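J.: What follows is each chain in one-letter form.
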Amino acid sequence: MHSTECFWVYEVEEFGPLTITIDTHGGNLTEESKKNIEANKEKILQEL
Amino acid sequence: MIMKDIAQVIEDTAVGLLKLAATELPTEVKEVLIKSENTTEGALGKSQLHAINENVRIAESEIKPMCQDTGLVSFFVKVGDKFPLKSEIKTALIKATKRATEKVPLRPNAVDMFKGNTNNNVGIRGYVPWFYFDLVEGDKCEIIAMPKGGGSSNVGKMKMVPPGKGIKGVKEFVVEAVAAAGPLACPPYTVGVGVGGGEDMCMNLAKKALLRPLFKYHEDESIASIEKELLSILNKLEIGAMGLGEGPSVLDVHMEFAARHPASLPVGVVISCWALRHAGATIDKEGNVELHPH
Numbered sequence: 000m001h002s003t004e005c006f007w008v009y010e011v012e013e014f015g016p017l018t019i020t021i022d023t024h025g026g027n028l029t030e031e032s033k034k035n036i037e038a039n040k041e042k043i044l045q046e047l
Numbered sequence: 000m001i002m003k004d005i006a007q008v009i010e011d012t013a014v015g016l017l018k019l020a021a022t023e024l025p026t027e028v029k030e031v032l033i034k035s036e037n038t039t040e041g042a043l044g045k046s047q048l049h050a051i052n053e054n055v056r057i058a059e060s061e062i063k064p065m066c067q068d069t070g071l072v073s074f075f076v077k078v079g080d081k082f083p084l085k086s087e088i089k090t091a092l093i094k095a096t097k098r099a100t101e102k103v104p105l106r107p108n109a110v111d112m113f114k115g116n117t118n119n120n121v122g123i124r125g126y127v128p129w130f131y132f133d134l135v136e137g138d139k140c141e142i143i144a145m146p147k148g149g150g151s152s153n154v155g156k157m158k159m160v161p162p163g164k165g166i167k168g169v170k171e172f173v174v175e176a177v178a179a180a181g182p183l184a185c186p187p188y189t190v191g192v193g194v195g196g197g198e199d200m201c202m203n204l205a206k207k208a209l210l211r212p213l214f215k216y217h218e219d220e221s222i223a224s225i226e227k228e229l230l231s232i233l234n235k236l237e238i239g240a241m242g243l244g245e246g247p248s249v250l251d252v253h254m255e256f257a258a259r260h261p262a263s264l265p266v267g268v269v270i271s272c273w274a275l276r277h278a279g280a281t282i283d284k285e286g287n288v289e290l291h292p293h
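Note that the protein sequences, when read in sequence, are chains A and B.
Heads up: the first sequence at position 5 corresponds to 4 in numbering that gives the first Met the number 0, and the numbers run straight through without jumps.
Heads up: the second sequence at position 154 corresponds to 153 in numbering that gives the first Met the number 0, and the numbers run straight through without jumps.
Accuracy of the hints is not assured; some may be wrong.
As the list claims (entries may be wrong) - Simulated crosslink set (EDC-like; lysine to aspartate or glutamate; CA at most 20 angstroms straight-line): (1) Lys89/B to Asp138/B; (2) Lys235/B to Glu10/A; (3) Lys167/B to Glu31/A; (4) Lys156/B to Glu31/A; (5) Lys227/B to Glu46/A.
Unchecked claim - Calculated from the model, a selection of chain A residues having no Cβ within reach of chain B, i.e. all distances over 12 angstroms: (6) Glu10; (7) Glu12; (8) Leu17; (9) Thr20; (10) His24; (11) Gly25.
Unchecked claim - Derived coverage of chain B by chain A (criterion: at least 3 residues anywhere in the stretch with Cβ under 8 angstroms from a Cβ of chain A; other residues may be distant): (12) 166–174; (13) 237–248.
Simulated from the structure, these hints should not be mistaken for lab results.
In this text, all values refer to a predicted model and were calculated from it rather than measured experimentally.
The beta carbon of each residue, even a glycine, is placed where N, CA and C say it ideally should be.
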């Protein structure tokens, strides 16, 4: 079960620009970044 | 001469320190975040750093917390032998935490496992706020308030590294810990590493290492060179600002070493989000307060 730390309801003006990290077409910047970090980690550990 | 109520001075000072820590970053942290925004080339990373810096600026000018997570409170206290108060320091700091919760305000972050949120940042079973007490010579009392966010505490790690792996094993574990933190804990990070002592001491040392001003390296040259090496290595992970791969991953790395048991090589890694918050003051025996440079 997931728990939520907090919810905020905003009324905003001139909000953004925003970065969408997860879109509805399967794009996920966080997952991409994690894969890159993992690959970099392996390389770093080999070179240590 | 009217004698000051020292306990009251401690309480008032600590309320001020919690407020300062929550609303204003130490100068060198502010400066490096602005420099990072200017030097980051990718628009994605630059926009994250711009948002962070704008947030920091507004928090400071409006005197409002820079993050909704105002942290779990801990105090690092050095008590001089001739300072008039001892255990009353603790009482005053607990009172200060409750007052600051109302006044700043701080989000109530002390949750009891069975009774729920205490609503005042003070645990009902003791321990929170957490105290690091040290006894020192002299007649002063130094207090540093450090509220630490839950997100970045969630990625802290401890490992009993096989001693045969030596310093290479230490470096490997730091790389693994920061890579595992990845985008999860609001980077760019400051990384505190504690080596030696025991399984508890290495974590304490790692947290304490975060209090050293950024870019002030260990006085032992051999340790300083490892700090700088790790800073360079960890940035090759390309975590980037808010984990999006652009801009700095890590702002600085600080290490503290204790002696270790021959059979053990404990390594603690405590990670701070970009909002590396702490504020300190020294109070003398007459109750005069000197704020530390912030």
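J.: Which earlier hints turn out false for this structure, listed by number in ascending order?
T.: Of the numbered hints, 2, 3, 4, 8 and 9 do not hold.
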